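Here the numbering used here is used: the first residue of the sequence shown is 1, the next is one more, and so on.
Quick caveat, the hints were computed from the structure, so don't treat them as lab data.
Computed from a prediction, not measured in an experiment: that's the story for all the values here.
Just so you know, even glycine gets a beta-carbon here, dropped at the ideal spot from N, CA and C.
A few of these clues could be false.
[What the hints assert, rightly or not] Pairs of lysine-lysine residues, derived as PhoX-like cross-links and limited to a Cα-Cα distance of at most 25 Å, are as follows:
(1) Lys24 x Lys83
(2) Lys9 x Lys24
(3) Lys191 x Lys261
(4) Lys191 x Lys251
[As the list claims (entries may be wrong)] Across the chosen pairs, the derived CB separations fall in these ranges:
(5) Lys261 x Asp194: 18 to 24 Å
(6) Gln201 x Glu289: 25 to 31 Å
(7) Glu79 x Lys266: 31 to 37 Å
(8) Lys266 x Gln137: 37 to 43 Å
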Amino acid sequence: MVYCGKPSKSCRQCRKRDIKCDKKRESCGQCTRAHLICPGYYDESQVIFRDETESIVRKVQIRSPITSSPGPLFSPCVEDRAKALFISRYVFCRTGRFPYMEQFWLSPPHHTHLAACLQAVSLATLALEFCSIEILQSARRQYSLTLHLTNRALLCPHIAQHNATLLTVILLYMYEKLTESQQNNASDGWKHLDGALTILQLSGASQFNDAIRLQLFRQVSMCILLRCLRRGEDLPPGLLSLRKFVDPTDKDGQLEGLLMKFTELKIGTQRGDILGCDIDVELKQLDFELLQICTEPPRWKFSEAMAGYVPDKEFFISLIESINISL
């Protein structure tokens, strides 16, 4: 509300004609002599203050350019949300399957097949999390693109043997397992495992000097082990031949070897190749080897070293007293 000063007591006709009004109660004399209808006088209480809100708003809008209201500071798209879910669940989680994947964030431009596959698996993970058919359809389209890019990458021997390509094939297998109930295509996942094993066989023994490659090999090995246990199949000869190049002193490799022996024993027992006392002998041998792995000192065990001198009794007494004081 704006104060407009002391208002005039004249009628509106006199104010309009800019003449002096005699302010008679019924009708002013000026309007009567001019044969005009006197409109009456203002209510002073109504004209002292005036509502100027609309006028002020109009003036501000004219002076200021019209801008749209700002949106949220950060609104991640579906692809970003999917990738964040996948990374939190499978990469940075304490029990994640791909703790080494952060090494591939800055992949070279020619590794587009890995980026496409990661997006396909991430979308599939998000689709299953929220039971979204639309997101699952996007994942399938991205999966089809990944197959095309991967087939093209396999035509180049150098790119075909790269860690990024091997990881792509592993992720393709993971995608098939995630969407298995929706598409009923378990056999396609097994084909990806066979392809990953073929890539490992083409690379030779020198590949196991690479720590990332060794982790990829172990992941492929465990997937194949589970497949053989599930389907009652023998371990592929190619996998057994690659096992010869693994460091025999490595504890993870030793445990993996025990799992392979157990798989062979289980399958042989189911087929009837191992009978009677031989089963007990094999099982006891596996127990013994597992106990050896558990009792041998791990890499993180501390090593003892003798000091150059032996402290006297007073040193230990003062040390104990200082500990008690601090507690």
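Legend entry - Indices of hints not satisfied (ascending): The structure conflicts with hints 1, 4, 7, although it agrees with all the remaining ones.
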